[in-house]
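> Listed here are the chains, written in short residue letters.
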Amino acid sequence: MKEFWYLAKKDLLIEFRTKQMLNSMLIFSLLIIVIFNYSFSNMLYKVDISDIAPGILWIAFTFAGMLGLSRSFASEKEDGCLDGLKLCPVDPSAIYLGKVSSNLGIMFIIEAIIIPLFIVLFNFRDITGLGGLVVIVLLGTLGFIVVGTLFSALTVNMRTREILLPVILFPIIIPLIMAAVMGTQKVLLEGSIMSAVNEVRILVVYDVVFIIAALLVFEYVIED
Amino acid sequence: MENNNKKKILYILTVILVLISIGVLFFYAPVPINPGERGTYTDSNQETRYTTTQDEWINYVNSFYIAYFHIPIALSAYLSFSLVFIFSILYLRDARQKWDTYAASAAEVGLIFAGLAPVTGSVWAGAAWGHYWPPGDIRLNTSLVLFFIYLAYLLIRQAIDGPEKKARLCAVFGVIGFISVPISFLSIRLWSAAYHPTVIGPGGGGMSGSQIIIPIVLGLAAFVLMCISLTIYKADNFTLENELLSLKQQKGV
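From first to last, the protein sequence lines are chains A and B. For the first sequence, this note's numbering assigns the number 211 to the initial residue and increments by one for each residue that follows. For the second sequence, this note's numbering assigns the number -12 to the initial residue and increments by one for each residue that follows.
Chain A extracted, bound-state conformation:
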């Protein structure tokens, strides 16, 4: 099972050399946060920021992630890279896990930059429960990438893949996003991961169930 690590390393190496996806994802999520900051500017003094912060944060993450996911397998279409990958003497699940790991790496970099900027823009001074926030962001991003990578492979051969991917991905990740938003809110309000134990449970169940399901069906997605 070491092969998947080589595939992930290959993707990350390409990404760090060109920085195409990193740059556009970062700027896009920053723009989303700035737009929210403007459009809610009247509200920011009236309401408790931790009531609206989790929603805005997760919208920024998922929208930016969508940009990366739609490119994830599409970039392999150039020069027949996907056929080359399929010819590799590795299990299909290694290709899938490799893609999941590289997408996760890119998402974590984006999130590590966005969260501090978010704290500044929304004047989130008395932030508590940063450790709990990290746990929920890790679990939520894992579930999002697990399903998103599978669907990215599913739509790669379609004519309308860029349009179709968000439309088929969002209904499936609704439970994940809801649990993540609720969990983020509870952690920010009460400062301890123990207050969000129900949400963490759902996130873990979601992650485990979909990793297993995706590994089972992935070979059907890329065969042709």
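You may find that some hints are simply not true.
As the list claims (entries may be wrong) - Quick partial rundown of chain B residues pointing at chain A, CB under 10 Å, derived from the structure:
| hint | residue |
| --- | --- |
| 1 | L6 |
| 2 | L133 |
| 3 | A139 |
| 4 | Y140 |
| 5 | L142 |
| 6 | Q145 |
| 7 | G149 |
| 8 | R155 |
| 9 | V162 |
The set of hints was computed from the structure by calculation and includes no laboratory data. Virtual Cβ for every residue (Gly too), placed ideally from N, Cα, C.
For this one, chain A is given, so just place chain B on it according to the hints.
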């Protein structure tokens, strides 16, 4: 030929059952739950209000009749979706075209029911709770998510050209989509204001009495049969379409 006769019997039975269940609803069925001496509902400010005028009271009581449609419709939506799941797994196992045809027809029929369930639910909620879309209600939102998953399934069907590839990728989505429904139910529950009664369990949500058993069972039978016959009908339709297509290709039209 014998198969055709069986189908005809099924269709006729469905029509008769639907007509009977509508008739029973108008002339026999009691109000399915005991609404209390005075009707209460929650208004948009989350305060409990009492129905005051006679008209309001009649509207309130009569709104409960929609349960006889709403519950079977919602259950049929779940039934169709489990059919899609089962046929998708069967297709992934042996890649026979007929499983894909069945899954596609079950999804199309399910889309109708999954769309009607939130519509009837929201009409009822408007009359009974004074709120068309109670914020955070579990079952309304779950059935809406179900509706969106069906829509996505049909969108994928539309977007792929080759019949074999279409069948394979749709089967994958059918499996993944079905798995997400129970988790979506669980997570929406975190937000729940408890509007829907828990029917199965202690208390029984007010559903009691032998008089309501007959109309509710009739309604369930009618809608489940309708769901199954529509699926078979649609599957036949798809099969004919495929035959026509291959004939056209043979003749070079």
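> Would you mind marking each hint as holding or not holding in the structure?
To see whether the hints hold, each was checked on the structure:
A least Cβ separation of about 36 Å between L6 (chain B) and chain A goes past the 10 Å threshold, and the interface hint is therefore violated. A cut of 10 Å between beta carbons decides the hint on L133 (chain B): the least distance to chain A is about 9 Å, and the hint holds. Checking A139 (chain B) against chain A: minimum C-beta separation of about 4 Å stays under 10 Å; hint holds. Nearest Cβ of chain A to the Cβ of Y140 (chain B): about 8 Å, under the 10 Å cut. The hint holds.
Hint on L142 (chain B) holds. Least Cβ distance to chain A is approximately 6 Å, under the 10 Å limit. For Q145 (chain B), the suggested interface contact is upheld, since its CB lies about 9 Å from the closest CB of chain A, less than 10 Å. The interface hint given for G149 (chain B) is met, as the beta carbon of that residue sits about 9 Å from the closest beta carbon of chain A, less than 10 Å. A cut of 10 Å between beta carbons decides the hint on R155 (chain B): the least distance to chain A is about 6 Å, and the hint holds.
At about 6 Å, the closest approach between the beta carbon of V162 (chain B) and any beta carbon in chain A falls short of 10 Å, and the interface hint on this residue holds.
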